[in-house]
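Novice: Here is how the chains run, residue by residue.
Number of protein chains: 4
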Amino acid sequence: MSNTFGTLFRITTFGESHGAGIGVVIDGCPAGVAVEAAHIQAALDRRRPGQSDLTTPRKEADTVQIQSGLFEGMTTGTPISLFIPNADQRSDDYSHIAHAYRPSHADYTYDAKYGRRDHRGGGRSSARETAARVAAGAVAARLLAHFGIEVKAYVSAVGEIEVPLSYEELDLGLTETNLVRCPHPETAALMEARIRAARDAHDTVGGVITGVATGVPAGLGEPVFDKLPAVLGHALLSINAVKGFEFGSGFAGTRLAGSQHNDAFYTDEAGRVRTRTNHSGGSQGGISNGQDINFRVAFKPVATILQAQQTINDQGESISLAGRGRHDPCVLPRAVPIVEAMTQLVLADLLLRARANRL
Amino acid sequence: MSNTFGTLFRITTFGESHGAGIGVVIDGCPAGVAVEAAHIQAALDRRRPGQSDLTTPRKEADTVQIQSGLFEGMTTGTPISLFIPNADQRSDDYSHIAHAYRPSHADYTYDAKYGRRDHRGGGRSSARETAARVAAGAVAARLLAHFGIEVKAYVSAVGEIEVPLSYEELDLGLTETNLVRCPHPETAALMEARIRAARDAHDTVGGVITGVATGVPAGLGEPVFDKLPAVLGHALLSINAVKGFEFGSGFAGTRLAGSQHNDAFYTDEAGRVRTRTNHSGGSQGGISNGQDINFRVAFKPVATILQAQQTINDQGESISLAGRGRHDPCVLPRAVPIVEAMTQLVLADLLLRARANRL
Amino acid sequence: MSNTFGTLFRITTFGESHGAGIGVVIDGCPAGVAVEAAHIQAALDRRRPGQSDLTTPRKEADTVQIQSGLFEGMTTGTPISLFIPNADQRSDDYSHIAHAYRPSHADYTYDAKYGRRDHRGGGRSSARETAARVAAGAVAARLLAHFGIEVKAYVSAVGEIEVPLSYEELDLGLTETNLVRCPHPETAALMEARIRAARDAHDTVGGVITGVATGVPAGLGEPVFDKLPAVLGHALLSINAVKGFEFGSGFAGTRLAGSQHNDAFYTDEAGRVRTRTNHSGGSQGGISNGQDINFRVAFKPVATILQAQQTINDQGESISLAGRGRHDPCVLPRAVPIVEAMTQLVLADLLLRARANRL
Amino acid sequence: MSNTFGTLFRITTFGESHGAGIGVVIDGCPAGVAVEAAHIQAALDRRRPGQSDLTTPRKEADTVQIQSGLFEGMTTGTPISLFIPNADQRSDDYSHIAHAYRPSHADYTYDAKYGRRDHRGGGRSSARETAARVAAGAVAARLLAHFGIEVKAYVSAVGEIEVPLSYEELDLGLTETNLVRCPHPETAALMEARIRAARDAHDTVGGVITGVATGVPAGLGEPVFDKLPAVLGHALLSINAVKGFEFGSGFAGTRLAGSQHNDAFYTDEAGRVRTRTNHSGGSQGGISNGQDINFRVAFKPVATILQAQQTINDQGESISLAGRGRHDPCVLPRAVPIVEAMTQLVLADLLLRARANRL
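Protein chains in written order, with my numbering: chain A, 72 to 430; chain B, 72 to 430; chain C, 72 to 430; chain D, 72 to 430.
For the record, the hints were derived by calculation from the structure and aren't laboratory data. One or more of the hints may lead you astray.
For chains that are exact copies, the list does not tell them apart, and a pair is met inside one copy or across any two.
[Claimed, not checked] List of simulated lysine to any residue pairs, SDA-like, C-alpha gap at most 25 Å: (1) LYS223 x ALA323; (2) LYS223 x PRO235; (3) LYS223 x ASP385; (4) LYS130 x GLU388; (5) LYS130 x HIS217; (6) LYS223 x LEU430.
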């Protein structure tokens, strides 16, 4: 606990890396949303392993099974259960870690907390769990589409290599044109090389994902504790390997003067309230203001490295351990749909919650 | 909604800047914790306005009234209600904003969301609400003290001025020795000058607060959604003016290789599991590992500036507006106890939740 | 914990019988509801002690103070805090029970649970806590009134004396015409005599309250766990002294054949879907069907009796104990507004939750 | 929504009568509980259709699949997902109700709420959903067994036929010795005859189930809103066809004087606090007092009857409708494990919650 997220649009995920499969129950999706397995599968395909040489060569079809909640292609308001069977399991790859505490993994903390753990592939702590989130996010995206809300994410940094432009200056339609999911082709090429270099060095590399939500109406976010950035931060910080979250001007904004940072309001030709700049990142007082929601998420380098490291076993004895099996040298490309999914889930939930604000 | 935070140690805050007062109900504090009004008052005194020339000259005694939940100096397991009457109100200072949308404030978004708002002093969106959090945090701190857990925060950056050392290299006992609450005296002096310069320029400045929790046992944090950093991030991102949160290696860690970033385990002389570095920030897989929890929180510059700005009113008409009244040129010094309080509340909650992990 | 009830229209109560006062924070009331202190006070006046010779002679003005959430007479969407100071306290009346376990009171169970308790007047376990519920219910009633929903309750049995008619056969406008709050004057007179007889015998008597909600639209109630009767039952069973809840045909309905019990649908002249009978009590599959919601709540006789009883103290020693102070011989008349309030709170919450059902 | 129940031991159910299957995710079961599929299957076998001539002849194996949360036969603290595929589906049996509103069923209310529904077998409103609850209850029972808590239920009334003895006077070991699950063999025989008579008349009959929990320690239940009887009532009133709930003396207790109703405390030979009577039903002030928890649940007669009834279709037109397919003439025998399961789930949750009560 807790494996449930959301207040009105609420998901509960389950499953371990090497058990029967991974799944999610979505409770609270309104009736009347047209959802097909293909929508969900398309999102899963962007997250699944083995999609390119930049990712783990482990092959998982990650085929979704819809177990409930749809009738004649439409949501009915009842819980939607999605199940993704585990296929390409090589549990033997993990026998060497049954009693070892891998550095910067959750082996030790799960033991400390629960007194036992399913060590195979990291069990519940495996990022495989995020497949369930991506599946649920695809359903949330279908709901958001009815309201003109769209969420897009992309890799904006791999190690020290950064996209030199802001999201407004990029064509986000280019994100899927390369393996690394960076909409700036020149930078993408450098990032790919950087990831391959890490892989070849039996090492790993981290990076940053930028997310943008457009079409979000003013009024989403529930002060004082469920402010939009607070709930969004919660969602994104719950993703494996995430170490930081900032929105709008973020940490860089702390160096600006108030007179520079303030976003001046104006009324546009269509009579809509707008701001001339968007240091606020689309949220003021924790409530969306109609501007783009934008944010950045920091991912640490993958902890599993294919080289020997010093650590201890569950008896506290010093041991040397090297990663085996098939792992990602960099999670960023596969994490893009996960960031999108969590953002979609948060916005779907806040959208429904905002319906209770007024008489 | 939502004005409640926490699962088992749960707070509900209420009150507006210029109403009768600000308050909080704490539900779920275990019985048997010795709490005196003095503990709470001491925390409030560190947050209250008018404490130095670096803060707003507005004077508020911020005297706490304990309305329930204590008997003979001890918590009884029933809800603890704390009320802080508003005293030094000059609602007239705000009549000019009754129909104006101040830049980077919540006036517009509250109107967009609720269709109406109490404009006086920002109403519910005022940072005055955080007084209630500080009061509740002081009760949480009393609970944590029983388990040897301590939370400390300090100002680590004001604008471009940063403390040049990590928290381990500092003597955090020096934090309260200067007005800015920075434990590095030389830097503190620069920060104070920086804040006074902003004030004299009728402008404002942002910064960063670093937080540390020591004595946290391994096992706190509830995967997969209520991981320790996710809940902590939620809590801190819900504070007014916060734009970012990172823990452990944070955004800088994205530039490290996995082989550099991994924290090697070892067993210390006392037989305890430890890590040689702490890039993980005390959390692995979302669960505390017994190392220090450490993190950083970004605060934007205060939005209210005492100079004219272009904006619009609630009719969409362009107007010029200058801040009046008594405001902080920099919230960082007063935000230190707020960061501590939210961290204390999160840890108290996770501590109680962890009791359900095992048979 | 838990002192919070509701999902979207949510209340948190606090306070002990002999502390500073009793209060409630309402979170989630939509903006735009006109609420005056007089609305709340009128409800409290129906619950307060000392209102007639049928109730405790203890005098409490129970004057409500509105501390937040209203601006210019309207709700703003922010939390509404209501506080009712305790006035007529005679804590000395309770010194004899500081270490005694009164039969069928909560003294023992609070000690068993928390290890300590505020014994004065029963502390948190006192029915005085329900004043906070009544205050909150009055706000919920204001919201419901916008949608044409009205809740009425009345005393339908005192001991073995029962109203001989169903609620449809009664004029509920007569409920407030007598001290016992029974809309059947002949029965009311018998009930009053029955209560006075109990009082004069230094004993107490229980009874049944019937509740009816009219104007409830079809569609309220959230299967499968928050079905309307389930949430309503939860709410009513949380009132002090309640031992049972039934809705529609209730326990008597278990003796009917399905062919007798089924409510035939028809379409009325206005084209509305109606049922010819209402054994369902206005809920089918846990969702309101547009018919009247109706139910009955069983209240046990008051546990405090002014005669000697055998019991034990907190050392486990046998003692004799007689009630002192000023107590109700029968809670039914004062419980009518409490039943109404809990019903209003449930319906307000389900009304808001139902907004998320459809696209 | 809401398809989740519980605070710390929490279940989320999903699935429709004629979809892929029914399932449940259990979140919050502590690590270290030994659970085998056989434990769950045994409970399901007591609920499954086709077990005797008193129940629907529909055959469902109701074979549970454990999808996550167990490792080497033990719970790991991660979510436990249980799936029960639907097997014996004859969706064609339901084509005649695609547009009809069956009397006292949820067809109309689901349409009113969601604007659409899966009509096959009642979709989500089918009592088939309770198979998931029974599966989850079996896991909760394994947890409770560690603490010596046992839950037993039995049929105490079918129509007007009632067991003439209280639960203390019965040998509950006899419950499973007859088809109707009544521990009083003479009454059981009458009940069976009564059910067969209803069946032969193409009609149905209701009844009452009595539940008892033994070994419950003092201290479970969370005032003021999650009192033990309130949460238990919520759980039981959420079961299909339930119309009432009473505990301890219940509705009959309203006729007693306080001097009769009060349960005198004494200390037994072992030094334990006990009460001489148990009108309180094991709960005082909403907290268990160490006595048996006992209660009664009213079930209405099954709505589906194999005779023609007048009703309307979804166009509001009057139609005549007769039940088809394979239905239970009386749900009581199959509802016994459902009542047990919900009680087990409530107690498991309150047991974990009570761990947070004290320092």
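Novice: Each hint should be assessed against the structure and marked as holding or not.
Specialist: To see whether the hints hold, each was checked on the structure:
1. LYS223 x ALA323: both (22 Å within a copy, 24 Å between copies)
2. LYS223 x PRO235: within (18 Å within a copy, 37 Å between copies)
3. LYS223 x ASP385: Classified as neither: same-chain Cα gap 42 Å, cross-chain 32 Å, threshold 25 Å.
4. LYS130 x GLU388: neither (35 Å within a copy, 56 Å between copies)
5. LYS130 x HIS217: Answer is neither; intra-copy 34 Å and inter-copy 42 Å both fail.
6. LYS223 x LEU430: Result: close only across copies, 23 Å inter versus 33 Å intra.
The earlier numbered hints that this structure contradicts are 3, 4, 5.
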